[in-house]
Amino acid sequence: MRIGVDVGGTNTDAALMQGDAVVASCKQPTTDNVSDGIVSAIRTVLGESDVSAADVQCVMIGTTHFTNAFVERRNLLDVGIIRVALPASRGIPPLIDWPEGLLAEIGDHRYLVGGGYQFDGRLNSPLDEKAVAEAARELKAKGIRTVAISSVFSPVNGDLEERAAEIVADVMGDVSMTLSHTIGRIGLLERENAAVMNASLAELSQRVVESFRAALRELDIAAPFYISQNDGTLMSADFVERYPVLTFASGPTNSMRGAAYLSGLKDALVADIGGTTTDIGMLNSGFPRESSVAVDIGGVRTNFRMPDVMALGLGGGSLVVEADGEVRVGPRSVGFKLPQKARIFGGETLTASDIAVAADYADFGDPAQVKHLSPELVEAAVQRIHRIVADGVDRMKVSADPVPLVLVGGGSVLIDRDIPGVSEVIVPEYAGVANAIGASIAQVSGETDRVFLYEDTGREAALDQARQEAVAQAVQAGARPESVEVLDIEEVPLAYVPGGAVRLRVKVAGSLALEASEAVQAKGAQGGGR
Amino acid sequence: MKLSIEDLVDVGRGAAFLGTGGGGDPYVGRMLATHAIQEFGMPELVAPEDVADDAQLCTVAMLGAPTVLTEKAACGDDVDLAVRRMEKYLGRSIDAILPVEIGGVNSMLPIMAAARCDLPLVDADGMGRAFPEIQMVSFNIYGVSCTPLVVTDDHLNSLVVDTGTAKRAEDLVRVASIEMGCSVILSSYSMSGADMKRTAVHGTMSLALEIGRAIARGRHNGNPIDALIRHLRTTPYYSECRVLFTGKVTDLRRETTRGFAIGHCRLSALDSSDRVMEVTFQNEHLVARENGEVRAIVPDLICMVDSETAEPIPVEALKYGQRIRVIGVSAPPVLRTPEALAVVGPQAFGLEDAFVPIENLPESSTSSASPRGTQK
Chain A
1 MRIGVDVGGT
11 NTDAALMQGD
21 AVVASCKQPT
31 TDNVSDGIVS
41 AIRTVLGESD
51 VSAADVQCVM
61 IGTTHFTNAF
71 VERRNLLDVG
81 IIRVALPASR
91 GIPPLIDWPE
101 GLLAEIGDHR
111 YLVGGGYQFD
121 GRLNSPLDEK
131 AVAEAARELK
141 AKGIRTVAIS
151 SVFSPVNGDL
161 EERAAEIVAD
171 VMGDVSMTLS
181 HTIGRIGLLE
191 RENAAVMNAS
201 LAELSQRVVE
211 SFRAALRELD
221 IAAPFYISQN
231 DGTLMSADFV
241 ERYPVLTFAS
251 GPTNSMRGAA
261 YLSGLKDALV
271 ADIGGTTTDI
281 GMLNSGFPRE
291 SSVAVDIGGV
301 RTNFRMPDVM
311 ALGLGGGSLV
321 VEADGEVRVG
331 PRSVGFKLPQ
341 KARIFGGETL
351 TASDIAVAAD
361 YADFGDPAQV
371 KHLSPELVEA
381 AVQRIHRIVA
391 DGVDRMKVSA
401 DPVPLVLVGG
411 GSVLIDRDIP
421 GVSEVIVPEY
431 AGVANAIGAS
441 IAQVSGETDR
451 VFLYEDTGRE
461 AALDQARQEA
471 VAQAVQAGAR
481 PESVEVLDIE
491 EVPLAYVPGG
501 AVRLRVKVAG
511 SLALEASEAV
521 QAKGAQGGGR
Chain B
1 MKLSIEDLVD
11 VGRGAAFLGT
21 GGGGDPYVGR
31 MLATHAIQEF
41 GMPELVAPED
51 VADDAQLCTV
61 AMLGAPTVLT
71 EKAACGDDVD
81 LAVRRMEKYL
91 GRSIDAILPV
101 EIGGVNSMLP
111 IMAAARCDLP
121 LVDADGMGRA
131 FPEIQMVSFN
141 IYGVSCTPLV
151 VTDDHLNSLV
161 VDTGTAKRAE
171 DLVRVASIEM
181 GCSVILSSYS
191 MSGADMKRTA
201 VHGTMSLALE
211 IGRAIARGRH
221 NGNPIDALIR
231 HLRTTPYYSE
241 CRVLFTGKVT
251 DLRRETTRGF
261 AIGHCRLSAL
271 DSSDRVMEVT
281 FQNEHLVARE
291 NGEVRAIVPD
301 LICMVDSETA
311 EPIPVEALKY
321 GQRIRVIGVS
331 APPVLRTPEA
341 LAVVGPQAFG
351 LEDAFVPIEN
361 LPESSTSSAS
371 PRGTQK
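Residue numbers (our numbering), protein chains in the order written: chain A, 1 to 530; chain B, 1 to 376.
Among the hints, erroneous ones may be present.
To be verified - Residues from chain A that face chain B, not an exhaustive set, calculated with beta carbons under 10 Å:
hint	residue
1	Arg90
2	Pro126
3	Arg191
For the record, the hints were derived by calculation from the structure and aren't laboratory data. For every residue, glycine included, the Cβ atom is placed at its ideal position computed from N, Cα and C.
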C-alpha cells in the first residue's frame, strides 16, 4: 500500500493505492499549517478503507509550497554565492538580472574565484583554493548560513564544485550548500540562478520536510516518504531538504502523470480543468513533454526541466457573459467561491458549471436553478467551452494525426462533445484526484547533459556512455536497475564548431525499489533524484 | 545619441530578428553590455556620416558556439586586450568601434567594447543581419581587408593573424578558437572612416532598436506581427517584407556537414490546406520553399517569429508543434550586388538556386495580396 498526497494552494488531495488500484481518495481544504491538512487527508483515506498505518509502505507528496514561497518572497535566506570561473565569465556577474525586490532578500554576497572547465572537459583553470577559503571566511563572518556554488561547465565535470564545497565546509562548519551541477543544465547564469534560489530556501525546506515527518509520525506511519520533483519522478525526503527547488512546477506534472496512470495511455494529450484555468500538456512515454525555453520564476531566468504546459482561462468557475451578441466564457472566474456563487448552488453568477448542468451533461447542484436559461445561450456557451479546449489541444499537438485526450481535474465535467483532432476523449475514474495519484507513481530518474566530440568517441560510444551515466544516477536514486528505461535522447550539434561536437542529453527513469525502501532512502540521500 | 540599459532589451529583440535564426542568443550579450554600462557608463552612438574620413575604426565581436557562450562568455579584459593589440599592430589608436554583425549576440559585443574602452560606437555594421563566416561581410566584399585580425581569450592570450584572404583567416581562426575553448574575442576589419562609409550597412544599430520597439509596441496594442511588418516597410533596407507562411513545426532534422549544423524545418499550414513550407538553415536560415517553390533565399532575410508574440525564435529553440510565422525581408542593397552574391549568395552556401529578390518571387498561392496572374 502507498499513499499519494498533493498539497495545492486550495486543496490537499490524497489517494491510497494498492498496486495499480485506487483503494480510496479524498479532497480537503489546504490548511495554514500544511501538516494538519496532510494528516486529515491521510486519516480520511485510511479510515475509509480500513487500512492500518502499519500497512503503508511509502508516502509520496507533491507540493507547491516552495514555488509559492519563492515567488511571494517569503522566508528567503541571505545567500553566499561562490562562482568558480575566473578568468572566464567576469563579464556577467552573479545575480545580474534579478528583480530588485528579490535582491534585497538574497543580499549581496558574491565571490568570483579561479577555476573551471572547457566545453569538452579540459581544465580551463585550476581551482583557486585560497580564494575559496577566503570567501568562506568572509561569509562566515557575515553570518551567512547557506551557500550556492557554481562553476563554468560544471555539468561536464562537477569536481571543482565538489572540491570548493569541501573547502567551504571546512571553514564554515555547519552550512547548507547547493552545487549548481546537481540541479541545472548547461547555461551558467540560469544554472547558477537555480542554485541561488535553492540555497535561499534551505531553512524553509528543512522546516517543511520536518512538518511532513511530524504529520506521518502523528499518523504512526513509519514508512519512508518521497517528494515529487518537476519531471514527475521522486526525491527522497532527505534529498528535498537539500534541493527544494526541484519541486518547482511539480503540480502540473503530477496531474499529467496521474492522467497517464489512470487512462493507461503513455502518449496522449492531457487537459487538467480546474476552477479557473485549464492546463493542457502532452504526454510522451508517460512523462510530460518538457519546455525548451528559459523559464522565468518570480522574475528570475532559469533552465529547469519544466513541463511544457499551456494554461487557458477556462474552468468550472469561469464567468459566462453575453456581450455584443457573443457569448464569452472566462478568463474571469469565481474560483474557489464556486460553491457559493454559481447559480446551481443558489448564487447569482452564471458560470461554466451552470452551463454544463443546464445542457444536461453534468449532474450536480440544483438543476432547477438553470432551467429557465435560453437554449440558444446554453448552446452558444457549450460551443464556446469546447472551442477553447479544441484550440488549446490543437496548439499542443505535434502532428495532424488524431491523439487521445485525457480529462482530469474537477472541471472535466465541462467537456461532453467530440474535440476536433482528438481520437477519443477519456475521463478516467478518480479524475478529480489525478494529481495525488500522479504523486504516488513510484519512479525515479537520472539524466546526463554533456558535450561529446563524436569524431573522437564515435556516436554510438558517446550515446552508450551518456546512457550508462544516466542509468547509474537513477539506480543511485533508488531505481531497480532492470526497470530503468530511456525516456528521451536529445542530440544538438554545436553550431560554428567543427569536429562533431554534440550536446547530448539522455534522460532515463525506473521504478522505485519499494520492498527495499529503507536501503533506498539511505541511497537517495546521497544520489537523489538526478 | 546614447543607448540606455533599457534600450538594450529592444536592441536585443531587434538583433534576434535580424539574426534570421542564428547569430546566437542576444541574452548573454545583453548581460555583458549591461554590466559594462553599469561599470563604465553609456557609449555614444554616432551616425556613420558623422565619423571623420581619416578616423581609425575596428570591429569587435565574439566568436564561438552559441551553446558554449551560454557557459563561458567574454570576461571583459579580453575585449580591452583585443582593441589594445589592434592599436599596437596598427601603430595608431582606435577612434571608434564598428559592429561587424548586427544579428544576434554580436550586436551587443561592440556596445560592451565601446563602453569599456570609452570609445564612440558607429551606428552601422557589415551585414545588416547575421552570417556564419568572417569573410561574409560587406567590408570584405568591397575591398576592406579583414586582417590584421586579433584573437584573444579569457587567459589574455592573443594571436594576430595576417593573411592574404579573409577565407584563409577564417580557417586559421576556427582552428585556434577551438583550442582556446570555442569562445574567443575577435577584432578585425580595421579601416578608415571613409572606407566604413563606402562599405558598411548604415544605421543598423538604430534599426535593430526600432524593430525591437515596434514589436514591444505591437504587443501593447495587441498585434505585434502587424506592427512589425508595418514598421519594416518604413525602413530603408527591410521595406520589401511579407509574411511568407503561418504554420506549425511538424518536422525538424539536423545534421552536421562540413563542420556546420545544417537543418531543415518543415512547417504545415494552420488552415486545412496542404501547404507546407520547408526552411533550410546553416546556423542562419538560407532558403524558404513552399511546396517546393522558393519564397525567399539568402542573402534576403528569412525570420521566424512566434505567431502570437512576434518573439524571434533562434534555430536552437525550434521544436515540434511551435506556431510560427515565417517572414521574408529584403537584404540591404549592398548584399544584393553581383560581387556580394559571390560571397553571401545561395552558391556560397552550397545551394543550387539562383538568388531572386523577394519582391520578384511569387507570393504564396493563398496570400490575398497576390493576384493569380503573378503565379508562374
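*Which numbered hints does this structure break?*
Number 2 only.
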